[in-house]
Amino acid sequence: MIKVFRAFIQKEIYHILRDRRTLLILFGMPVAQVLIFGFAVTNEFKNANIDILDHAKDQTSSKLVRHMTSSGHFNVNRMLVSEKQVEEGFRSGKTDLVMVIPTDFSKDLYTYDPAQVQLIADGSDPNMANALVQYARVMINDFQQQEYKEPANPYQVNIETRMLYNPLLESAYNFIPGTIALILLIISAMMTSLTIAREKEQGTMEILLVSPLPPLLIILGKVAPYAILSFIDAVLILVMGYFIFGVPVTGSLVLLLCLCMVYVITALSLGTLISTTSETQQDAMMKSLIGLLMPSTLLSGFIFPLTSMPEVLQYISHIIPATYFIEILKGIMLRGVGLEYIIFEVSVLLFMIVAFLTLTWKKFKIRLE
Amino acid sequence: MKFNPADMQAYSIEVDHLTKKFGQFTAVDQISFKVAKGEIFGFLGANGAGKTTAMRMLTGLSKPTSGSGMVAGFDVIHDYEKIKTRIGYMSQKFSLYEDLTVKQNIRFFGGIYGLSKQEIRQKTDAILHDLRLSEVASKLVASLPLGWKQRLAFAISMVHDPDIVFLDEPTGGVDPMVRREFWEAIYEAAGHGRTIFVTTHYLDEAEYCDRVSIMVAGKIEALDTPANLKKQFGSQTMNDVFLKLVR
Chain A
8 MIKVFRAFIQ KEIYHILRDR RTLLILFGMP VAQVLIFGFA VTNEFKNANI DILDHAKDQT
68 SSKLVRHMTS SGHFNVNRML VSEKQVEEGF RSGKTDLVMV IPTDFSKDLY TYDPAQVQLI
128 ADGSDPNMAN ALVQYARVMI NDFQQQEYKE PANPYQVNIE TRMLYNPLLE SAYNFIPGTI
188 ALILLIISAM MTSLTIAREK EQGTMEILLV SPLPPLLIIL GKVAPYAILS FIDAVLILVM
248 GYFIFGVPVT GSLVLLLCLC MVYVITALSL GTLISTTSET QQDAMMKSLI GLLMPSTLLS
308 GFIFPLTSMP EVLQYISHII PATYFIEILK GIMLRGVGLE YIIFEVSVLL FMIVAFLTLT
368 WKKFKIRLE
Chain B
333 MKFNPADMQA YSIEVDHLTK KFGQFTAVDQ ISFKVAKGEI FGFLGANGAG KTTAMRMLTG
393 LSKPTSGSGM VAGFDVIHDY EKIKTRIGYM SQKFSLYEDL TVKQNIRFFG GIYGLSKQEI
453 RQKTDAILHD LRLSEVASKL VASLPLGWKQ RLAFAISMVH DPDIVFLDEP TGGVDPMVRR
513 EFWEAIYEAA GHGRTIFVTT HYLDEAEYCD RVSIMVAGKI EALDTPANLK KQFGSQTMND
573 VFLKLVR
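From first to last, the protein sequence lines are chains A and B.
Everything in the first sequence is counted per our numbering, starting at 8 for the first residue and increasing by one.
Everything in the second sequence is counted per our numbering, starting at 333 for the first residue and increasing by one.
For the record, the hints were derived by calculation from the structure and aren't laboratory data.
Be aware that a few hints might be false.
As the list claims (entries may be wrong) - Pairs of lysine to any residue residues, derived as SDA-like cross-links and limited to a Cα-Cα distance of at most 20 Å, are as follows: (1) B:K481 <-> A:N84; (2) B:K395 <-> A:P222; (3) A:K207 <-> B:D431; (4) B:K414 <-> A:N84; (5) B:K449 <-> A:I20; (6) B:K435 <-> A:I23; (7) B:K435 <-> B:K414; (8) A:K53 <-> A:I23.
Using the sequences provided together with the hints, build the complete structure.
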């Protein structure tokens, strides 16, 4: 039986090696996705263009402007002369932020009257606008403290914040776990459902079923290579996360890899379930993309926080395996927790495996009758 | 049963009132027939007459609703797993892996039928030599002309020396020259005592069979040698016989 199984696996390896697209998805996609998330998709900004409408035109106001640009995050694009010019920069897309300094800015600043500065941002990109305004506000407060040594109000609450587990608020700490969850899902679930659907579509499944191979062995032979490959991918992403973006694994690496395997099996059982309901590769592809990839990307808490979602979507997010796996990954990698803290998430994944396999088995039996 | 009585003692296939129902619909309705060892048995019928369902029962893919049958000495209801080791199968869809080379295909199918490395090597050499494919042994199957592929698929379906080979419309889409060659290969296989169970859409091919059965709406309406069938229906060709039955 082992000999037969080896012949089967060998054939699967030929398929994978011969198909450039499969290879690209297997190894190109994880690398590309990590690099894109890491370097391109970020709310951090450098050299944002700022337009300044300085009504005051005195020493203090130019000091403020210098202060803003000293950080390296802002770059003065244009000095405006009238209110009418404010929108021009936004329309042409050359400006990210406009700061308006009123005429009596310095007078107010030194005479206990609240000094006012207006910030105008492009609300059509809310995330960016928020980040810019936040940062500009910090810079202006900073400037105020410098200029005006003693606090305006001696009874201030000094807030000191500390970000646990991710002190620098690196976005990589979020996207590395998320990417692992997605890539493993795509490879394990989508690729296996595709490869099984391909055998059906090309008619070779008939030949396999007529052969003495037990059906269970056919399924195992189809999924085993992908289980191994997705595991390699998980390690690849972890290594890239660690060396390129400095994402640590503070918890047990062994536990992490074991649970990666559990998740891979969850995804594989989902993939075989999809394949029992699809006759063609296109069918399997559509089901995987719409039924798996889209909800997992949008509703797993990877991109949008779960707590701010409408209740209905929160319910859906609870039936997505990736939701639990991302929690597990963040727990082990960032918070360094042991199994006892994530036992609920692990149990849910195990339950899902049993449920998917039962459904697959039922479907399979019906087909044989 | 007029076919070659001497051989009839050894049947490869024997079915008795074999029936398959899907809910209310009866796809195969109490068919009974015997196929002798080494016989070329043509299994004809219009699309939807129940040919494929009947064949699926004989190959162990589908469980009969009622009736009984023996294929290659094993019971179709209880021992269908054993049947699978004694039969070969080639389907109407092209049934090799296009993205594997000729050699890799032979090795794979030899492997899943449990042949040893040495046996696989011998089989590979024999097939490559018989089909004159040695030069393209390391080429992808996808690059071969359709006729070659069909011949190769037929050879590979017999890689484990099965007692019976089921051919489901094996010559679909190939030109007359290749069909002729294909039938020569069928005769050769039958000459070695192998039973050939073949479905086809080409009624001229029915003439090449030792005996022919014609299925209409789940039942076998006629079964005899092509010559006897033509006599019985007063027709010149098998095509005529078929049309008379199906209408």
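Please flag the earlier hints that this structure goes against, numbers listed from lowest up.
When the structure is compared with the hints, numbers 1, 4, 7 and 8 turn out to be violated.
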